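Modelling step: build the complete structure from the supplied sequences, incorporating the hints.
Protein sequences appear in the order of chains W and Z. Basically the numbering used here = 1-based index in the first sequence + 5. Basically the numbering used here = 1-based index in the second sequence + 5.
Mixed in with the good hints there might be a few duds.
Where chains are identical, the list cannot tell them apart; a pair therefore holds if satisfied intra-copy or between any two copies.
[To be verified] Cross-link-like lysine-lysine pairs, in silico, BS3-like; alpha carbons within 25 Å at most: (1) LYS54 to LYS38; (2) LYS54 to LYS42; (3) LYS80 to LYS42; (4) LYS66 to LYS54; (5) LYS93 to LYS42; (6) LYS80 to LYS54.
Calculated directly from the structure, the hints in this document are not laboratory data. The model shown is predicted, which means the values in this text are computed figures rather than measured ones.
Protein chains: 2
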Amino acid sequence: VNFCSFGDGSGRKGRRMVVVRAEGVGINPDIRKSEEKVVDSVVVTELSKPTTAYCRCWRSKTFPLCDGGHVQHNKATGDNVGPLLLKK
Amino acid sequence: VNFCSFGDGSGRKGRRMVVVRAEGVGINPDIRKSEEKVVDSVVVTELSKPTTAYCRCWRSKTFPLCDGGHVQHNKATGDNVGPLLLKK
Ligand code: FES
Ligand code: FES
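Take a look at the structure:
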């Protein structure tokens with residue numbers, strides 16, 4: 006599956022096509038980039054709501070919680086990612 | 006933050022540079038692409054292990070569980086993503 010492709014800007018088709026596969030591209034643009042690996046822990050006994058959504062798209066402004074930002078990400082990129090729902 | 010950049014293959018620097026920001030690129034190459042949005046639910050009372058790691062990198066072969074695939078993803082891309090740990 007290819008995620009983006011484009012020409013060289015010359016408007017000529019079929020030349021210098023560049024295809025970027027998501028495999029070679031990072032998925033986290035901004036979250037806690039000073040950390041070598043962003044790992045979060047949830048003590049499930051401490052969950053307060055019946056359902057709590059955790060982000061898997063790395064676009065939430067309330068990471069590690071989901072704020073619905075995956076909707077914009079999916080729309081902008083054609084992706085199909087969504088949260089992990091923790092249910093008590 | 007830019008995730009990849011490269012020239013046009015000509016070896017000349019500074020010409021036709023293409024920069025791909027992760028914002029415009031999908032993050033899920035292969036998992037359940039027939040689904041419009043991949044959402045998973047965990048009933049936390051049914052967790053069996055003291056700690057269970059859930060994938061947030063979309064590279065696990067045991068998705069939604071983490072299989073350690075984030076290590077290769079981070080190494081290949083310079084990214085810093087990791088799992089969500091659910092602790093009983
Ligand atoms: S905002 Fe990231 S999964 Fe919802
Ligand atoms: S394999 Fe995806 S976070 Fe570990």
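Could you tell me which of the hints above the structure violates, numbers in ascending order? Numbers 1, 6, in rising order.
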